[in-house]
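Take these sequences, add in the hints, and give me the full structure.
Counted from 1, the sequence shown has number 481 at position 197 by our numbering; the numbering is strictly sequential.
Accuracy of the hints is not assured; some may be wrong.
No farther apart than 16 angstroms at their CA atoms in a straight line, the calculated lysine to aspartate or glutamate pairs in the EDC-like style are these [said to hold, decoys possible]:
| id | residue 1 | residue 2 |
| --- | --- | --- |
| 1 | K481 | D306 |
| 2 | K315 | D291 |
| 3 | K315 | D426 |
| 4 | K315 | D384 |
| 5 | K366 | D391 |
| 6 | K315 | E406 |
| 7 | K366 | D328 |
| 8 | K366 | D384 |
| 9 | K348 | D403 |
| 10 | K481 | E286 |
| 11 | K348 | D338 |
| 12 | K315 | D338 |
| 13 | K315 | D391 |
Simulated from the structure, these hints should not be mistaken for laboratory data.
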Amino acid sequence: MESLIHDLPALTIRRISVSEMDNNVYLLTAKASGQQVLIDAADDLQAIHGLLADAAGDTAAAPKLALVATTHQHWDHVRALKELVAATGAPAAAGTDDADALPVAVDRRLGHGDTVAVDGFELTAVHLRGHTPGSVAFVYEDPEGPAHIFSGDSLFPGGVGNTQNDPQRFSQLMDDVTERLFGGYPDSAVVHPGHGKPTTLGVERPHLEEWRARGW
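Structure follows, in structure tokens:
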């Protein structure tokens, strides 16, 4: 399957699905510099190397994996992280409150609103508490088009992430998603979840109160 999902003016976005849990692995490549950020080294190092090879043609420069970013600590999102960091030497980034649970040393611990930049683009970390304590979404704001939100397991088509039937965690996640994603970005923003298909904030926005009322 073709991994290229968005060919934007400054960068490309590629995606593959790995493992029995249909985990999405995303790769952003700056066209001018070749600098890359991979989001969620979930599993299957060989497939991830294939994704990197696919993206080599997206830039005239020498491609370089400049950062491996992790949305949250859950095991199904980090199974290839240690191997990928060892193979590439790329630094790792994750939310501060999940960083110690990752299988690698985290070079960039991210709080709400922090940015990570490579030559050609930057991503903003949006802290979304509830699925895990340190879950973050990574947002690329395309100056020429919609924003792209890599939401991990905090927001999906049809609802927020699993909070294990804990009403406090659910309320916190709903509050953060409502305020920090739906309150911060327009309907055109594309949501790239940790599993499954993409959506937009505009498609999901009318259902926020319905989700809150049902409790999951």
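Comparing the hints with the structure gives:
For a cut-off of 16 angstroms, the pair hint linking K481 to D306 stands: about 10 angstroms separates their Cα positions. Only pairs whose Cα atoms come within 16 angstroms are accepted, and K315 paired with D291 is accepted, the gap being roughly 10 angstroms. Only pairs whose Cα atoms come within 16 angstroms are accepted, and K315 paired with D426 is accepted, the gap being roughly 14 angstroms. The suggested pairing of K315 with D384 is violated, with an alpha-carbon distance near 33 angstroms, which exceeds 16 angstroms.
Between K366 and D391 the CA atoms are separated by roughly 13 angstroms; this keeps the pair inside 16 angstroms, and the hint holds. Only pairs whose Cα atoms come within 16 angstroms are accepted, and K315 paired with E406 is accepted, the gap being roughly 13 angstroms. For a cut-off of 16 angstroms, the pair hint linking K366 to D328 stands: about 12 angstroms separates their Cα positions. A hinted pair counts as satisfied when its Cα atoms are at most 16 angstroms apart, and K366 with D384 qualifies at roughly 13 angstroms.
Restraint check for K348 and D403: the C-alpha separation of about 11 angstroms stays at or below 16 angstroms, so the hint holds. Under the criterion of a C-alpha separation no larger than 16 angstroms, the hint pairing K481 with E286 is consistent with the structure, at around 15 angstroms. For a cut-off of 16 angstroms, the pair hint linking K348 to D338 stands: about 13 angstroms separates their Cα positions. Distance check on the hinted pair: K315 and D338 sit about 13 angstroms apart at the alpha-carbon level, within 16 angstroms; holds.
Restraint check for K315 and D391: not satisfied, since their Cα atoms lie roughly 25 angstroms apart, outside the 16 angstroms limit.
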